[in-house]
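There are 6 protein chains.
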Amino acid sequence: MKPIPKSEAPPLLAFGAHPDDIEFGCGGVIAKETRAGRAAHFVICSRGEAASHGTPAQRVIEANRSAALLGARLEFIELDGDAHLEVRTAHALKLAGIIRRVRPGIVLAPSLVENQHPDHPRLGQLVRDACRLARYGGIRELRRAPPHAIEQLFYYAVTPEAEPPGLTPVLIDVSAPEILKVWTVAMEAHATQAASRNYVELQLTRARLRGLRAGVGHAIALFPNDPLVLDSLAQTDRAARRF
Amino acid sequence: MKPIPKSEAPPLLAFGAHPDDIEFGCGGVIAKETRAGRAAHFVICSRGEAASHGTPAQRVIEANRSAALLGARLEFIELDGDAHLEVRTAHALKLAGIIRRVRPGIVLAPSLVENQHPDHPRLGQLVRDACRLARYGGIRELRRAPPHAIEQLFYYAVTPEAEPPGLTPVLIDVSAPEILKVWTVAMEAHATQAASRNYVELQLTRARLRGLRAGVGHAIALFPNDPLVLDSLAQTDRAARRF
Amino acid sequence: MKPIPKSEAPPLLAFGAHPDDIEFGCGGVIAKETRAGRAAHFVICSRGEAASHGTPAQRVIEANRSAALLGARLEFIELDGDAHLEVRTAHALKLAGIIRRVRPGIVLAPSLVENQHPDHPRLGQLVRDACRLARYGGIRELRRAPPHAIEQLFYYAVTPEAEPPGLTPVLIDVSAPEILKVWTVAMEAHATQAASRNYVELQLTRARLRGLRAGVGHAIALFPNDPLVLDSLAQTDRAARRF
Amino acid sequence: MKPIPKSEAPPLLAFGAHPDDIEFGCGGVIAKETRAGRAAHFVICSRGEAASHGTPAQRVIEANRSAALLGARLEFIELDGDAHLEVRTAHALKLAGIIRRVRPGIVLAPSLVENQHPDHPRLGQLVRDACRLARYGGIRELRRAPPHAIEQLFYYAVTPEAEPPGLTPVLIDVSAPEILKVWTVAMEAHATQAASRNYVELQLTRARLRGLRAGVGHAIALFPNDPLVLDSLAQTDRAARRF
Amino acid sequence: MKPIPKSEAPPLLAFGAHPDDIEFGCGGVIAKETRAGRAAHFVICSRGEAASHGTPAQRVIEANRSAALLGARLEFIELDGDAHLEVRTAHALKLAGIIRRVRPGIVLAPSLVENQHPDHPRLGQLVRDACRLARYGGIRELRRAPPHAIEQLFYYAVTPEAEPPGLTPVLIDVSAPEILKVWTVAMEAHATQAASRNYVELQLTRARLRGLRAGVGHAIALFPNDPLVLDSLAQTDRAARRF
Amino acid sequence: MKPIPKSEAPPLLAFGAHPDDIEFGCGGVIAKETRAGRAAHFVICSRGEAASHGTPAQRVIEANRSAALLGARLEFIELDGDAHLEVRTAHALKLAGIIRRVRPGIVLAPSLVENQHPDHPRLGQLVRDACRLARYGGIRELRRAPPHAIEQLFYYAVTPEAEPPGLTPVLIDVSAPEILKVWTVAMEAHATQAASRNYVELQLTRARLRGLRAGVGHAIALFPNDPLVLDSLAQTDRAARRF
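Residue numbers (our numbering), protein chains in the order written: chain A, 1 to 243; chain B, 1 to 243; chain C, 1 to 243; chain D, 1 to 243; chain E, 1 to 243; chain F, 1 to 243.
Calculated from the structure, these hints are not laboratory results. Fair warning: this is a prediction, and the values are worked out from it, not measured in the lab. Treat the hints with care, since some could be wrong.
Computed spacing ranges between beta-carbons, pair by pair [what the hints assert, rightly or not]:
#1 Glu114(D) with Thr55(A): 49 to 57 Å
#2 Pro177(B) with Glu114(D): 42 to 50 Å
#3 Glu141(C) with Glu178(D): 39 to 47 Å
#4 Glu8(D) with Pro165(E): 35 to 43 Å
#5 Asp231(D) with Arg88(A): 39 to 47 Å
#6 Ala68(E) with Ala68(D): 54 to 62 Å
Listed next, the in silico DSS-like pairs over lysine-lysine satisfying Cα-Cα at most 30 Å (straight line) [to be verified]:
#7 Lys94(C) with Lys94(E)
#8 Lys94(A) with Lys94(E)
#9 Lys94(B) with Lys94(F)
#10 Lys94(B) with Lys94(D)
Each residue gets a CB set at the ideal place from its N, CA and C atoms; glycine is no exception.
Build out the structure end to end from the sequences listed, making use of the hints.
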């Protein structure tokens, strides 16, 4: 597989249930991809209005600042509201419409593990279904744009508990100091959330532990929804075990 | 990750319990890698002397012919003999010595699934342990060569039953006509085994089914022992679901 | 267990989300059962109106032709429409009402694996729940017909990805030439779907691979929702491993 | 599948690590099969010499009495001795030789679950491997008898902990009073073991619980090593859920 | 961990989908906790109006009598009605409101295993989500009471099929004669349900089997939603294997 | 369960394959238990003679210093030597003899996960089997001491990869500054191992991540071999989810 020159690579599309989910779950990966020239587009499905801290207005400002730091465009959409998300076909179709509009190669969504914030696995399910619906030619609600098939759907895990035990992850090396720096700053941009819990430390500790295991500084795990198809084993020349 | 020019890529090292295991399990992958310029080295741990068909002498001739077709060097070693393999440290150390001598990047071994020919999962265990032992500096029996750390261990499945349910595979596209052709011919080189059962048809049917699922002609699944570490999502731009 | 003379056997009831799901997932089994004298009844829950190819009117014609070839009666029902199915109690009750009317022994439904067309696992869930609701005496909406307990619910997998990894399948031998023939023709009757993808080849390749593994020509896997209860081991005198 | 008249059915071959394992794990199934006319052959691989209660001489007498009650022939063999069993190829070959001599259809062995008496899963592994080795034509140590392919290997669980979580069982209905009676008496024949623990009560309670779940009086679960191959769904007309 | 004097221990809160679920699933545990001085509160989410036996009025009387026997307070709520429960955010919020009002330490809910009465796993999901929602400060519908974080959520299994295979249970010893007695009487209080099936025998057999395995008389398994946090291994000085 | 006054509690017995395994895998737990008055006994099964760094003599000195810091007694035994361990009955019997001599309540052993240093899971298997063999009255080699039944076997994970995915852990809170301090110093006592890799940082990062998830400072996970038996839910009043 010859790597496509990044400027021509199809954009990356990441979905988050709350204004800070993408940053906390896989912000370092976003930073790395945008620094390498790939366009990134965020879709945030609530304004965090059920959280213990921060007003919706503050959350929107924080999310915009954070996305700018990561080099991503940002769009808010309304589904059922924070802590109220349900799995409805209408939602999946709305997300499929966005997929047809953005036409991404890679899609990122929160993992399907049930034992976490209920909005996370539900959004993961909706995105997974939306990736399929975006391909079907006969869906009335989607006629505005031509069908689109993405290349790969990866799940990110907002917390360690959300890592799906049945899927072998791929690890993205985010050790470069400028990547770690921008990721940290992007997480800290969600200042209302940092007040009460050690979210930033949790994520950096997690990435450090992944990195120590893989023989790099820090790493973030992504969980592929379907097996990767490779042209050559040259694409897999590094593995994740150093202890 | 910039692909290393193939001529400089470290060799691929594949282990087989019987003279035809590598060809039936992942011969198409070998053909693809050697055609792309990577050196391949086979280690065969018996002469098939317990099989229902073919003499050891015939099996050795067939294996040499088949390896030549695939562009691989071949070496036979003695462990406990066909259908007699046991998991012993002495065997793992012997394999670790070979790893230190060949100094491969990628290692291929039969999968660990127990419900198959008992030699297969035992060789898989021995290779997995050997990859580790090859790294430890203080092992007396291995002092002849400096420690060596491989990059990745992949398991291949000689039959569909041997595919490990708990590991997400990577799929290697082997659809190119010349690759399919050389793989088929290499399998047919094991003529004594083709007599009684439809082994060649089994493997081509299996690769065709994988290919149909992945939207390519034929594909072979390999199962990574450890998570892949990637520098960029550009390395994963294709996925395996087309239905 | 003395086999009940087939003419007295309770009918088989198969549910499909789309006009071709039953045929592609387990058409060979249907052919075998109807040829042996068992009545078969299909319930199709959409007209395929979201598919990329074929109009609903064409799909209905194809489905009727295909069911006739397989010797099954066919009934279309409306739930939420193609690609719009949701898990609602009202739907499960509707299916339970059909179960009370048809009074089947064996029920077939698409598998519960999530990573496939979203309508498939949702219909599978609805059918599973409906089999239970059909037994409860006090449900207001079901009073028209007396409660009915089915004997066994089997899941079929429309694609290989839909095969549930946690359930040991039973394999049905569909090697007889007249069975293979009628199954193939029934799949080909869905001509609008055959245009773009190799669906028929996918299913025959899959059944051939199962057959090669089991030492028969072709075989189809069904996945029991609950353990089978047997009177004697004489009912299990063949097993599925030949390699 | 027409049931073979029992007198012509190939014999059932059951392996036990200790003199009472077969009776406690699946004695009711044995009783049912022998009463239906199938020959049963027991191979016991130790004399229970490491147990807390009973001398080897007492255990042999008890085992013979119990086998007679169940209608089975009995043979003791020596492997490594009670509580000393190891997984060695020589043992698997010895068991394979017995398989070639007895030429069974169905084979029963203790389950592979590791967290039980260590002799149990090791014997299970040896029997599984022996079933394969018995089929291979070129094994020097087995030349005395022609190769033999069994029909199905089922695992029994000596205790509830030994039930393998990943295999869907088949349940054998052992509710008939004469079957329950002979099973109970056969377990009680191991009088030295009954002294200290409630083994008989454990097994009857377990079978009663299985029976209550399946809508019959008592049932015993067997775990197939490979998928069952069926000619018709008529063989599966009962299932195991009644609550 | 110094055990809190029971009278000061926060109450136990148990949810049931039907009037008898708590008693059949874990009544012995309730009896034990209330006898030790802990307050228990039951929330029953239907009146059993879809059952084959018993009128809603009878079921309410039975449930009240049974709760009184177990020493628990009882509250009925309306969600979608018996056999009609759906997973809706509005329901989870209603349950979260109850959690904020009762302010329990331990919460009990039916397990999430899908292959049982559909109301059970859905209520389990709703309770799990409610435990989380009860903690979030910004949820409009919950403003009446301050946020509350429970200590642990345990699942109970109404039938053996409902025991979740992926969670290691903790076993509660309910062997004391007065505990067994009150549990039995509380189950028998649901006289309308005892008529048709052996529910009481099923549960006592199940607890006896658990007890036999653990070396006690009778035991009930609970399945923790999250790992237990212990101060000392002294809290874990007994384990569950006696055979 | 009334906690036994610690001075009367039976000792804790921990097995390690190499001189530093216990400290790196669960040293904080040991520190906590010995500070609370429980006796701890370490059995180390090699002198680390295959490691890349440190001589056996250095390793023994380091291990003794570390055990002293943790308040544990230490004993070295010879099995097959570092990186050479095999699963042999003779080894299990040797360990069982130690269990009969030390007569522990709780036993700690490395986890059974295969994809780690091969000595670790093999020692784990040997300890698990030894715990059983120690109970059997008739084993000739063990006659010197009376049978002994331990209370619980917990597995520790030397690295994150060694954490068994199928067992729900219990988390031990090791946040107290004096506990963290002594654990760190005990790990650092293995100075020859600290040179080349960040072992100490790996373990502290891992415990910090567990702690962040559980709402405490640092925590260590232990994996019970069998379900815990509890007298009361009061023993489980804290759980591990804070995000």
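Hint check results:
A hinted range of 49 to 57 Å holds for the C-beta pair Glu114(D) and Thr55(A), which are about 55 Å apart. One distance hint, 42 to 50 Å for the beta-carbon pair Pro177(B) and Glu114(D), holds here, with the actual separation near 47 Å. In this structure the hint that Glu141(C) and Glu178(D) lie 39 to 47 Å apart at CB holds, the actual value being about 46 Å. Distance hint check: the CB atoms of Glu8(D) and Pro165(E) are about 40 Å apart, consistent with the given range 35 to 43 Å.
Checking the proposed 39 to 47 Å range against Asp231(D) and Arg88(A) shows it holds: the Cβ atoms sit about 44 Å from each other. The hinted range of 54 to 62 Å is satisfied by Ala68(E) and Ala68(D), whose Cβ atoms lie roughly 56 Å apart. As the CA atoms of Lys94(C) and Lys94(E) are separated by approximately 28 Å, the hinted pair is consistent with the 30 Å bound. For the given pair, Lys94(A) sits about 28 Å from Lys94(E) by alpha-carbon distance, which is consistent with the 30 Å threshold.
For the hint pairing Lys94(B) with Lys94(F), the CA-to-CA distance comes to about 28 Å; that is within 30 Å, so the pair holds. Note on Lys94(B) and Lys94(D): the hinted pairing holds, with a Cα-Cα distance of about 28 Å set against a maximum of 30 Å.
The earlier numbered hints are all upheld by this structure, with none contradicted.
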